[in-house]
Amino acid sequence: MELFHNLIFGFGVAFSLQNLMYCMIGVSVGTLIGVLPGIGPLATIAMLLPITFNVAPVGALIMLAGIYYGAQYGGSTTAILVNLPGETSAVVTCIDGYQMARQGRAGPALAIAAIGSFVAGTFGTLLIALAGPPLAELALKFGAPDYFSLLLMGLVAAAVLAEGDMIKSLAMVAMGLLLGIVGTDVNTGVQRFSFGVTELSDGIGFIVVAVGVFAIGEIVSNLGDPEKRTVFTDKVRNLYPSKADLKASIGPITRGTLLGSFFGVLPGTGPSIASFSSYMMEKKIAKDPSRFGHGAIEGVAGPESANNADAQCKFIPMLTLGLPASATMALMLGALTIQGIQPGPDVMTTRPELFWGLVASMWIGNALLVVLNLPMIGLWVKLLKVPYRLLFPAIMAFSAIGIYSVNNSSFEIYLTAIFGVVGFLWIKLGCSPAPMMLGFVLGPMMEEHLRRAMLMSKGDPTVFVTSPISLGFLIATAAIIVLMVAPAIRRRRADITG
Amino acid sequence: MQFDFRTNKDFWAGVMMIVTGLVAIVIARDYPFGTMLRMGPGYFPSILGGILILFGIYLVASGLRSNEKMAGGWSLRALVVLPLSLVLFGLLMDYAGFVPALMVLIVGSALASSEFRLLEILLLAAGLTAFAVALFIWGLGMPYPLFIGW
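Protein chains in written order, with the numbering used here: chain A, 2 to 499; chain B, 13 to 162.
Careful: at least some of the hints might be erroneous.
[As the list claims (entries may be wrong)] Dumping the calculated SDA-like pairs for lysine to any residue here, alpha-carbon to alpha-carbon at most 20 Å: (1) 81(B) with 433(A); (2) 429(A) with 45(B); (3) 81(B) with 226(A); (4) 459(A) with 52(B); (5) 459(A) with 44(B); (6) 429(A) with 17(B); (7) 386(A) with 136(B); (8) 429(A) with 76(B); (9) 429(A) with 83(B); (10) 429(A) with 31(B); (11) 81(B) with 423(A); (12) 386(A) with 128(B); (13) 429(A) with 81(B); (14) 81(B) with 167(A); (15) 383(A) with 132(B); (16) 429(A) with 79(B); (17) 383(A) with 139(B); (18) 386(A) with 86(B); (19) 429(A) with 27(B); (20) 459(A) with 50(B); (21) 429(A) with 30(B); (22) 429(A) with 88(B); (23) 429(A) with 89(B); (24) 386(A) with 131(B); (25) 142(A) with 351(A); (26) 459(A) with 30(B); (27) 429(A) with 28(B); (28) 429(A) with 86(B); (29) 383(A) with 136(B); (30) 459(A) with 45(B); (31) 429(A) with 52(B); (32) 429(A) with 32(B); (33) 386(A) with 127(B); (34) 386(A) with 140(B); (35) 459(A) with 49(B); (36) 248(A) with 286(A).
Simulated from the structure, these hints should not be mistaken for laboratory data.
Please build the complete structure, drawing on both the sequences and the hints.
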């Protein structure tokens, strides 16, 4: 069987000593930043990206992916023990997880969160392996108009489903597209928006934008509203969940995994939407919904599985179509481009070690995470006691080194400072920067496909509806908008964000 | 109801979008616009600028209607100190070397917090710098001089 053969090949790549080490580093860093509130996977990946330049592409991707899904595990620890989401995706885990901790059942809550995440991670990895090759084959048939419509769908979905005001998110996508234009126009060689600055002729580096907005801007915003953190210092005693706990969790874990995988493939939806939907679902089908909010284990098992399944499945569009479904995936895409790999459907055939090695490493990483998160839980809890006033100068230091090493120049540092200020303003004005990031990365690709489509169709814009694939994406885009504007769902959005 | 422009969230978000859109269109007028068939370098940015202005107008209008205020506090200190320490880092990297640049960045940015404690931060700066030198310069072989002209 080919899949079996490919997976064995992938495990061969992932089990090399070097790649195992990168996987280990990735998931450890991921857990660390997952546990720590105030720094997310996006900023971390942006900060550490330049360091991966010297690493082989497979190793780099394995490490960065580890940071990303590792953060989902770490986030639940903080949610359960401190009642504070270490990551946004763990918001709903706080509700019942913290209640369980207060009742002295922190151990089982942590264990079920880890088991659920592991099951979901395994399923997600398998789904990537199964769905990847046929999807990539399909994508090879895409022409320029199809790509344009696909990108449009991704951007609209990202804006519409993102947290916060929909119009603002759409505007931020346009803002990102505009920022992506800065630099030399590939078709004509004209310098656009570079103001005669030579450093800008290659465009604004996406690491600069990501670190500026998501690390520096975020710190400025956090210092403006200091959060009171009360650390739950109680010792975590018995880790093992009882038979009843396990039995009660089987259903929620299965449903959460499926729900998370579904949301994972959709562009634009973050893991928080998946975990929230799972929580609502469990509450709805529970025999006694009143237990929710008072330490129901289903309220931990479902959402924690859902957010990890979502995180894993976000790799499907990235690896098969070269289309990032979230801002973090956009960074991964950038990492590949820097390594000289053009992301897209042919990656799977031209660089099979990259695809299968990553898939295999994700499963290994998920197994490592269970070990990291359960027996070593005490260590992570200690880290929570590090105060923010010591944390943020360290983030600044790593950001600055990372940015400087991109081009060994101070220019990028100054630009990052500017984006820090701009990013803070965006956050303050309620303009979510994640859709901007997606637009920024996809902008040049989108313009290129638009211009190519127009050239091929001799300036006839109907090409977007006469190509069946493109038409399908456009209909899906319209459907997403209609669905989200529907009042019932708007109300649910208010619940998520509010 | 009294309108307070200074804290109106949507109003300022809209203004920002309109200004960005206008700037984009004005600058893009210098680039050939082209036709639908052969889009010039000015085509895409002009359209985006127009879209931004439309969104901006909508946001200004909705801001005037809802008058929703910006949430949370401001830390002017952080807003000035953090970008400034980054700029200092950039300058010192070119003229003083990796170690002084990083030390100044860490101590400098720590000043952005109102809970600043000098001794603690000096220890942090020394520890982090030592770690960074070991990892980035010696470990990963980044080619930066530790000190310049000392």
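Verification of the supplied hints:
1. 81(B) with 433(A): Cα-Cα ~16 Å, so holds.
2. 429(A) with 45(B): violated (35 Å)
3. 81(B) with 226(A): Measuring from Cα to Cα gives roughly 15 Å; hence the hint holds.
4. 459(A) with 52(B): holds (14 Å)
5. 459(A) with 44(B): Since the Cα atoms of residue 459(A) and residue 44(B) sit roughly 19 Å apart, the hinted pair holds (cutoff 20 Å).
6. 429(A) with 17(B): It holds: about 15 Å lies between the C-alpha atoms, which stays within 20 Å.
7. 386(A) with 136(B): holds (15 Å)
8. 429(A) with 76(B): holds (17 Å)
9. 429(A) with 83(B): It holds: about 7 Å lies between the C-alpha atoms, which stays within 20 Å.
10. 429(A) with 31(B): Since the Cα atoms of residue 429(A) and residue 31(B) sit roughly 17 Å apart, the hinted pair holds (cutoff 20 Å).
11. 81(B) with 423(A): OK: residue 81(B) and residue 423(A) at ~19 Å, within 20 Å.
12. 386(A) with 128(B): Holds. Residue 386(A) to residue 128(B) sits at ~17 Å (cutoff 20 Å).
13. 429(A) with 81(B): It holds: about 10 Å lies between the C-alpha atoms, which stays within 20 Å.
14. 81(B) with 167(A): holds (18 Å)
15. 383(A) with 132(B): holds (18 Å)
16. 429(A) with 79(B): OK: residue 429(A) and residue 79(B) at ~15 Å, within 20 Å.
17. 383(A) with 139(B): The given pair, whose Cα atoms are some 19 Å apart, holds under the 20 Å limit.
18. 386(A) with 86(B): violated (25 Å)
19. 429(A) with 27(B): Distance of about 14 Å is within 20 Å: holds.
20. 459(A) with 50(B): holds (8 Å)
21. 429(A) with 30(B): Judged against 20 Å, a Cα distance of about 17 Å means the pair holds.
22. 429(A) with 88(B): holds (13 Å)
23. 429(A) with 89(B): holds (16 Å)
24. 386(A) with 131(B): holds (19 Å)
25. 142(A) with 351(A): Since the Cα atoms of residue 142(A) and residue 351(A) sit roughly 17 Å apart, the hinted pair holds (cutoff 20 Å).
26. 459(A) with 30(B): violated (33 Å)
27. 429(A) with 28(B): holds (12 Å)
28. 429(A) with 86(B): holds (9 Å)
29. 383(A) with 136(B): Distance ~18 Å between residue 383(A) and residue 136(B) Cα, so the pair holds.
30. 459(A) with 45(B): Given pair residue 459(A), residue 45(B) holds - Cα atoms ~17 Å apart, limit 20 Å.
31. 429(A) with 52(B): With a Cα-Cα distance of about 36 Å, the restraint between residue 429(A) and residue 52(B) is violated, given a limit of 20 Å.
32. 429(A) with 32(B): holds (17 Å)
33. 386(A) with 127(B): Judged against 20 Å, a Cα distance of about 16 Å means the pair holds.
34. 386(A) with 140(B): OK: residue 386(A) and residue 140(B) at ~18 Å, within 20 Å.
35. 459(A) with 49(B): holds (6 Å)
36. 248(A) with 286(A): holds (16 Å)
Violated hints, in rising order: 2, 18, 26, 31; the structure is consistent with all others.
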